[in-house]
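Based on the provided sequences and hints, a complete structural model is requested.
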Amino acid sequence: MKNSNDVILRTVVKGVVLIILTLGVYLFFSGHNAPGGGFIGGLVLGSAIVLLYITYDIETIQKKMPFDFKKVAALGVLLTTGTAMGSLYFDVPFLSQTDGYFHIPFLGEKHLTTVTIFEAGVALTVIGTLVTIILSISEDD
Amino acid sequence: MTIEIAIILFPIIVAALIPIFYRRLSKNVIGWVVFFIPLSLFILLTTFIPRISSGEIFSHTYEWIPSLNINFTTYIDGLSLIFSLLITGIGALVVFYSIFYLSKKESLHHFYCYLLLFMGAMLGVVFSDNLMVLYAFWELTSVSSFLLIAFWHHRKASRAGARKSMTITVSGGIAMLVGFLMLYAMSGTMSIREIIANVSVVSEHFLFIPALILVLLGAFTKSAQFPFHIWLPDAMEAPTPVSAYLHSATMVKAGIYLVARFTPVFGGEIIWFWAICGVGLLTLFWGSFNAVRQTDLKAILAFSTVSQLGLIMSLLGIGSVALYFGYTKESIVYTQATFAAIFHLINHSTFKGALFMMVGIVDHEVGTRDIRRLGGLMSFMPVTFSIALIGAFSMAGLPPFNGFLSKEMFFTAALKVSALDIFSLDSLGIVIPIVAWVASIFTFIYCLIIVIRTFTGKVKPDIQEKGLHEAPIGMLLSPIILVSLVILIFFFPNIIGNYLLKPAMMSVYPTFLSVEELTPKIYAWHGFNAELMMTLGVVLFGLVLYKLMKYWIRVYKWIPQKLTLNSMYEGLITKSENLSGKITNGYMNGNLTNYFVYIYVCFVVIVAGYFVTSDAFMWNPIGGSKVDHFELILIFVVMFSAIALIFVRSRITTVLINGVLGYSVAFFFVTFRAPDLALTQLVVESVTTALFLICFKFLPEINKEKSTRMWKFSKGALSILVGSTVTIVGLAVVNYDKFSAISTYFEDAYNLAGGKNIVNTILGDFRAFDTMLEVVVLFIAGLGIYALIKLKAREGEDK
Chain Z
115 MKNSNDVILR TVVKGVVLII LTLGVYLFFS GHNAPGGGFI GGLVLGSAIV
165 LLYITYDIET IQKKMPFDFK KVAALGVLLT TGTAMGSLYF DVPFLSQTDG
215 YFHIPFLGEK HLTTVTIFEA GVALTVIGTL VTIILSISED D
Chain X
7 MTIEIAIILF PIIVAALIPI FYRRLSKNVI GWVVFFIPLS LFILLTTFIP
57 RISSGEIFSH TYEWIPSLNI NFTTYIDGLS LIFSLLITGI GALVVFYSIF
107 YLSKKESLHH FYCYLLLFMG AMLGVVFSDN LMVLYAFWEL TSVSSFLLIA
157 FWHHRKASRA GARKSMTITV SGGIAMLVGF LMLYAMSGTM SIREIIANVS
207 VVSEHFLFIP ALILVLLGAF TKSAQFPFHI WLPDAMEAPT PVSAYLHSAT
257 MVKAGIYLVA RFTPVFGGEI IWFWAICGVG LLTLFWGSFN AVRQTDLKAI
307 LAFSTVSQLG LIMSLLGIGS VALYFGYTKE SIVYTQATFA AIFHLINHST
357 FKGALFMMVG IVDHEVGTRD IRRLGGLMSF MPVTFSIALI GAFSMAGLPP
407 FNGFLSKEMF FTAALKVSAL DIFSLDSLGI VIPIVAWVAS IFTFIYCLII
457 VIRTFTGKVK PDIQEKGLHE APIGMLLSPI ILVSLVILIF FFPNIIGNYL
507 LKPAMMSVYP TFLSVEELTP KIYAWHGFNA ELMMTLGVVL FGLVLYKLMK
557 YWIRVYKWIP QKLTLNSMYE GLITKSENLS GKITNGYMNG NLTNYFVYIY
607 VCFVVIVAGY FVTSDAFMWN PIGGSKVDHF ELILIFVVMF SAIALIFVRS
657 RITTVLINGV LGYSVAFFFV TFRAPDLALT QLVVESVTTA LFLICFKFLP
707 EINKEKSTRM WKFSKGALSI LVGSTVTIVG LAVVNYDKFS AISTYFEDAY
757 NLAGGKNIVN TILGDFRAFD TMLEVVVLFI AGLGIYALIK LKAREGEDK
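Protein sequences, first through last, are from chains Z and X.
Using my numbering, the letters of the first sequence correspond one by one to residues 115 to 255.
Using my numbering, the letters of the second sequence correspond one by one to residues 7 to 805.
A portion of the hints provided could be inaccurate.
Once the Cα atoms are required to be at most 20 angstroms apart in a straight line, the calculated EDC-like pairs of lysine to aspartate or glutamate come out as [what the hints assert, rightly or not]: (1) 796/X <-> 182/Z; (2) 110/X <-> 371/X; (3) 703/X <-> 171/Z.
Some chain X residues well away from chain Z (every beta-carbon gap over 10 angstroms; in silico) [said to hold, decoys possible]: (4) 149; (5) 424; (6) 729.
If you're looking for bench data, these hints aren't it; they were derived computationally from the structure.
Just so it is clear, CB atoms sit at the ideal spot from N, CA and C, and this is done for glycine as well.
Right, here's the structure in full:
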């Protein structure tokens with residue numbers, strides 16, 4: 115991933131990454147009722163980030179996105195197991211999920227579920243692990 | 007939360023908090039904080055004494071895994087109270103002693119963390135009524151003992167000793183677990199009390215004897231009985247407070263506790279009697295015999311502990327005879343052996359604890375524990391000398407110390423049981439008092455060695471130079487308390503008898519009605535009887551043999567080095583390591599192709615084997631389904647790329663063709679209306695291809711494989727087998743009807759899980775447990791890859 119003459123790739127990626135990221139977020143939220151979900155959303159988001167790393171060099175992206183992706187993955191695992199444990203606090207079996215309809219100003223009636231938090235954990239783990247693996251391999255020169 | 011559970015959990019919770027908060031604590035404070043825990047627990051437990059001694063029993067059940075019969079049942083009766091008082095009482099003294107013993111430079115937080123962990127585990131062992139909970143705590147004591155022995159882990163001997171103790175005690179523990187499971191199979195309950203209540207059901211069962219032997223294995227390994235005693239001398243590599251606490255006063259007595267606890271179940275059986283009594287006596291003799299030749303003070307004490315544990319064990323064996331007779335006027339006599347066992351257990355903890363602390367003081371102040379280099383310390387360290395004198399003479403069984411009382415009772419029991427005519431005692435019985443007497447002579451000799459070699463004679467010049475002086479009062483206080491107990495118990499033994507031993511006897515003999523008869527009055531003076539003569543004989547012969555030691559010390563050289571238990575153990579460990587190394591290296595040879603062969607052979611054998619044996623290969627080849635033109639093209643693409651993969655020579659082409667294969671499969675998912683799968687497959691395929699391209703430069707050239715024609719042929723055959731298995735299974739599952747379909751669970755997904763996408767309700771709700779664990783596995787795998795790559799890089803830097 116050196117600074118080479120790849121103007122076309124860079125220009126295209128700037129636009130494409132935006133589309134992929136949007137798709138990823140869409141897939142993540144549509145998961146409950148349509149195709150999508152935490153795993154696939156996380157994969158798409160992760161692959162967008164990987165694409166950025168491939169196109170630009172690691173230092174540039176690290177400067178703009180100063181995350182430690184190992185910690186992102188750890189946060190994901192914590193969220194997943196946390197929602198699982200959390201149900202014990204409400205005296206229902208381990209991993210119970212619940213949902214409900216809420217009225218939110220400006221957005222109208224929305225269907226919110228605790229599965230979303232669980233799925234967010236899945237997505238974060240997938241992003242974190244994916245980027246960690248690919249970064250550590252490509253850094254290994 | 008009841009008080010009993012709180013007692014168990016308190017030390018464990020504090021142990022968990024120490025690593026978090028130790029940075030905020032000064033090294034001077036941490037010991038005092040920890041000291042407070044056993045002290046408060048000890049005071050709390052003493053409040054139980056009046057009620058327990060009046061026959062009350064505290065029990066509480068906290069449902070843990072009721073479906074498996076595993077409940078956290080705590081149970082405090084006389085027997086567990088004695089042990090818990092020892093654990094917390096000696097624990098408090100040991101922690102107090104260690105504050106002064108351990109240098110502030112040591113990693114004290116580790117030490118106290120392990121020590122508290124042990125304390126909690128040990129309390130768990132004696133308070134648990136449930137077999138599985140007891141087993142878990144039992145192994146936790148082994149683990150914490152391992153950590154404490156290896157406390158100075160930079161020393162090779164410490165690590166070896168820790169490993170040895172762990173290997174032996176844990177193997178015994180596993181045997182015990184199997185014994186427990188047999189007990190469960192026989193009685194249908196995990197509760198020890200319920201098993202004792204249903205003894206008649208258990209004792210008729212054919213598993214009774216195997217369970218007995220396995221439980222005893224656990225007890226013998228833990229209590230360092232012959233031939234498993236070899237771990238205890240090596241465990242002396244631990245810091246002296248640990249030796250005083252775990253390896254003389256508490257942990258090694260867990261086996262005694264187990265035997266006493268299970269006496270109502272197994273007692274009265276001939277194997278139980280001879281196993282415990284025989285092994286106990288052998289251990290008693292072998293321990294004392296070997297203690298004499300040791301030159302390290304701690305090693306002498308280690309072997310003496312082994313020997314004393316054997317003494318207590320054999321007393322419990324003699325005591326179990328009473329259960330053979332049942333409750334009669336005559337059989338009460340034999341219960342007194344058990345009474346003596348528990349009494350000696352308490353006495354041993356007091357004098358042996360004091361002796362270990364004394365050795366620690368000598369080591370700390372003089373810098374050596376080798377009796378060949380020590381001598382003449384009496385005038386420099388008078389208090390330490392008095393401690394050693396009282397402790398050693400109590401161990402030797404001399405008045406006016408508590409060891410005299412229990413030693414006399416031991417002789418009484420040995421004489422009584424030898425006169426019996428059951429269990430072939432009429433022919434073999436005479437051996438018991440003889441072994442007891444001979445072992446007592448050796449005990450007397452090593453007690454003399456401890457006192458005379460260390461404290462009398464001339465001071466060696468190299469030690470003189472250091473400027474000897476008495477230890478600080480903080481270190482002396484704990485052993486002083488213990489030796490004052492040694493004397494107090496001699497003068498007022500019946501206080502212990504009435505308040506502690508009486509309820510404990512009730513736990514060992516629950517079927518015996520008369521409690522008063524079970525607790526005899528303890529007297530120091532019985533008149534001129536056989537026991538007193540035996541003690542006098544011990545003293546006389548002991549003194550003579552000590553004087554003549556240089557003439558008979560050669561006896562120890564008769565046993566060839568090859569035949570010692572230690573070298574047998576070492577040989578066993580080395581051989582098993584070599585063998586397992588050979589086996590593992592045989593199949594893990596680093597060749598990826600071989601690993602695939604293992605995986606696929608298993609796959610074919612299990613999957614195809616199941617389908618063949620269950621006669622499930624039924625399908626309708628036409629089945630009314632129609633194949634589209636589009637699908638035909640896809641099939642052609644997939645087949646072409648799969649076959650092409652085999653013949654491609656360039657790595658990059660392989661990667662790309664593999665991608666083609668993957669994307670075509672994604673198209674299949676689209677045509678079969680599985681958008682979730684198709685999406686996932688597409689993205690995974692893209693990421694995999696990117697990953698391949700990144701890894702590309704690290705991969706070696708594809709070399710032409712050099713292998714025999716036969717091997718190539720069998721690999722080809724295996725590939726075809728795998729392929730056909732998958733194909734046929736895929737075709738057969740449509741008509742498969744051996745199991746009921748699970749799809750009915752998910753039909754009501756919207757109402758149950760509130761989602762319209764059934765795939766996601768399965769992932770996030772119905773089978774969320776799988777998903778959660780997969781997430782954890784994914785994370786661990788990612789960390790594994792990261793660690794592997796980064797570690798390799800660091801090694802490269804070093805070179």
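Hints versus structure:
Distance check on the hinted pair: residue 796/X and residue 182/Z sit about 15 angstroms apart at the alpha-carbon level, within 20 angstroms; holds. Taken as a hint, the residue 110/X and residue 371/X pair is honoured in the structure, with Cα atoms around 16 angstroms apart against an allowance of 20 angstroms. The straight-line distance between the Cα atoms of residue 703/X and residue 171/Z is roughly 17 angstroms, inside the 20 angstroms bound, and the hint therefore holds. Here residue 149/X stays apart from chain Z, with its beta-carbon at least about 25 angstroms from theirs, past the 10 angstroms limit.
Residue 424/X, annotated as away from the interface, keeps every beta carbon of chain Z farther than 10 angstroms; the closest lies near 60 angstroms. Every CB of chain Z lies more than 10 angstroms from the CB of residue 729/X, the least distance being 28 angstroms, so the non-interface label holds.
In this structure, every one of the numbered hints holds.
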